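Protein chains in written order, with my numbering: chain X, 1 to 357; chain P, 1 to 111; chain Z, 1 to 412.
Just so you know, these hints were derived from the structure itself, not from any lab. Each hint can be trusted.
Listed next, the stretches of chain Z that the computed footprint assigns to chain X, with coverage defined by at least 3 CB atoms under 8 Å from CB atoms of chain X: (1) 21 to 29; (2) 200 to 210; (3) 282 to 289; (4) 309 to 323.
DSS-like, lysine-lysine: derived pairs with alpha carbons at most 30 Å apart: (5) Z:Lys-289 <-> X:Lys-272; (6) Z:Lys-233 <-> X:Lys-272; (7) Z:Lys-50 <-> Z:Lys-310.
Computed from a prediction, not measured in an experiment: that's the story for all the values here. All C-beta atoms, glycine included, are put in the ideal place defined by N, C-alpha and C.
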Amino acid sequence: MQKHIRQAIESGVPDSFSFMHPLMRKNYGQWDWHERPRPGVLHHVSLYGDEIWTVRAGTQRQMDTDTIRELCEIADEYADGYVRFTIRSNIEFMLADGSRVASLIDKLLEQGFPVGGTGNAVSMIAHTQGFLHCDIPATDASGVAKSIMDSLHDEFINERMPNRVRLSTSCCQINCGGQADISINIQHTKPPMINHDLVANICERPSVVARCPVAAIRPALVNGKPSLEVDEKKCVCCGACYPPCPPMQINDPEHSKLAIWVGGKNSNARSKPSMQKLVVAGLPNNPPRWPEATAAVKTILQCYKEDARDWERLGEWIDRIGWQRFFDMTGFPFTRFHVDNWSGSRYTLNHSTHIRF
Amino acid sequence: MISDNMKYVRDAEGYIVQPADWDENFARKLAAEEGLELDDNYWSILCFMRGYWQQNNVAPDVRHVTRHLVEAHGYDKKKAKQHLFELFPYGYVKQACKVAGMQRPRAWSTG
Amino acid sequence: MKTQHKTPNLDQLESGPWPSFVTGFKRLAEKNDMMADLLGQLEHSYENKKGYWKGGTISVMGYGGGVIPRFSEVADKFPASAEFHTLRIMPPPGLHYDTDILRKFCDIWDEHGSGLLALHGQSGDMMFQGCSSENVQGAFDAINELGFDMGGAGPSVRTSMSCVGAARCEHSCFNEAVAHRTVMNSFTDDLHRPALPYKFKFKFSGCPNDCMNSVQRADMAVIGTWRDDIQIKQDEVKAFVQTRGRQYTVDNVTSRCPTQCMTLNADDSISIDNRNCVRCMHCINVMTKALSPGKDRGVTILLGGKRTLKIGDLFGTVIVPFKKLETEEDYTGLVELAETIIDFWAENGLEHERCGEMIERIGFATFLEGVGIEAEPAMLAQPRSNSFIRMDTWDEEADKWKQRHAEKAGVK
Ligand code: SF4
Ligand code: SF4
Ligand code: SF4
Ligand code: SF4
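Hey, can you work out the whole structure from these sequences and the hints?
Okay, here's the thing in structure tokens:
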């Protein structure tokens, strides 16, 4: 085998300058200020007086080549043949001529790409792999993203939230989607179901034992075969044992639920970055539209929109009004599961008499 | 599962199912499938991997193998890794682990 | 053309205002059997709420990672998508493209793969999804010929991300694109040939707004900042106050400063006590025209961010409070720092242990000692509040601090 196999050219990360809009190249590091003339549009002015208009549009992330070609045609017509993408899979067209912004927007809308996601809007949800391509998902990602963005479309194309809202979704508890203002994540509720016949032939048992965060797994002989067993009292149903040992099936159509977390923030603006906190769990994993999860997200956003001050991120708003009020306003039940018991959890308790009545 | 004379049971991707069943003949046969010719360079690595497995019941990480090459053959660290990937051009998991009779490593499937 | 599977669940995802991936998939399925069966399998997943992919080992010649192998568990029902691997390809920093390169990618992918391209994955890769085992090498060769290289997977340095930064953002405090490439291209071997305890991610954000979410996702986060005074254009401040009003300015700018270091003066100008500014970006974000970061710019480096597995979510924490990033020497220093850290972790990390978890296990002070960095107050939220530690070498440690200070004073 292996004849005429080409050696890879280990070129690493390609240079970005040749792919950059010429005005961005020219004014690299020389931008002075910007404004947002309307949702979905940024207007940047450089120290040299050059101006550039950016039009941001949502995409489905999982794109067929014809969709990409369609976007390329738009870029050739309006944006000198250059585009860039944001971290949340939005596409951006840069225009040297501000007078063409309106017709570009019309064109994008006509082709079905919503324009928005800037400033204090809800941007596209951070999107993982799901059923489409991951080997451990309990739910889909593209469908969740599509459903939620459909229902939040108005908040994507308008800038009427107190501050920007970042969403993410994760289809297992590895949580590729990451921290966000609102995060919709799989939460398994039952320990793995072990197919003991397969364990010995597939799994490196010591590696699996080591993977468990709460030391709930131990080697065992089952039906005379080497296998693994789980102390179900200890197991936190995280699913960490499943990737290294597929016979430890953690995904369950019924018992793998969705949970919603809020208040993740990576920016340093005002408050320090923060981790997201649990709001509600036990939501059904309900394809193809996940209406229960979508409704919960909308409830949270509605309360935030009505009650938060300008510039307050979702977590900052809750810090100001307190969790008691947050649960009152949103109507979600507060349970013993909201009380953290992981290491360091004492610092999440209230060690003061600061209480709102 | 494919079985060779009922001796070496292998999974769909050709990895051995029971590392304890491995022997040198198996290694030669697997190496041939991968287009590799086993010389002393290979055997040093394979023996180390087998020893590690005997002790720990898990496949060693690449870094353990490179450490072995540094200690046993005096390579510097960068060279050791280069050497390893020259011997196994499709990578440690795909080739070294297979020939050394490790179960298919799954630690890196996802996450 | 293959007959198309019935997809009643997925069909419901074709309506609504957001662009539908399903519609695109169906378009591909008309010309590509792999996508036709992929749609079938996906519908099957929707019906049963179950995933049907398993992993495997596929790689290209010379590399140990970068291909995410996927073999179908229901290939008997959907044979054309029995193999549906992903190639992770590293994009340019800032995710800039011209249409020529995008069209070339599309042509390659229509020829060698499914025609389904995800822009971009959570690590920042272009994900060419849907390739048979046989076509992986050919697809990679064609992409590689265009000057693009494989991204990371497995226990390796992973593909990096940097913000748009200097290319279009006035907040940018360093040259993100150059830093990104310089660092990453010093670690191509560690990226392509996995040999670390676990993954290691670099991310580059041009300012403390941290648009790349590096503090929570990067093992090493490089975030732009500045040391001198915020630049103020008082005439623009006045214009802002006059259009928005004093009340608005107080409510949304000065009173929101986390260290209360701003004052709105009687003449509608602003004063900032810069010694107490923590470079949070808030006031600059609100008054984009009037305020900007100072001129003495550089980066703060934080280490150890990661998601939940295994010990819980960790933030990156400060390891270098400030570093200039201008000269070649500065960049070399950054690369060397990363090398030292990765080497130490490769020696001391347990299997499947992220850098931040190792630090948690061995203690931050021990880690600092291991990588030869002196502790500084800026690395902490607060000093210890617990007295249970042996401190009999206090005098020596105190002398070190004094000596360092004397040296610093001497240098100046
Ligand atoms: S969140 Fe889990 S299931 Fe989803 S893509 Fe990531 S690892 Fe896969
Ligand atoms: S699900 Fe998590 S806690 Fe339970 S046994 Fe597996 S690794 Fe351990
Ligand atoms: S991180 Fe800062 S510099 Fe980079 S794009 Fe965001 S705001 Fe601009
Ligand atoms: S950057 Fe933040 S800390 Fe500094 S003056 Fe502005 S609001 Fe205050």
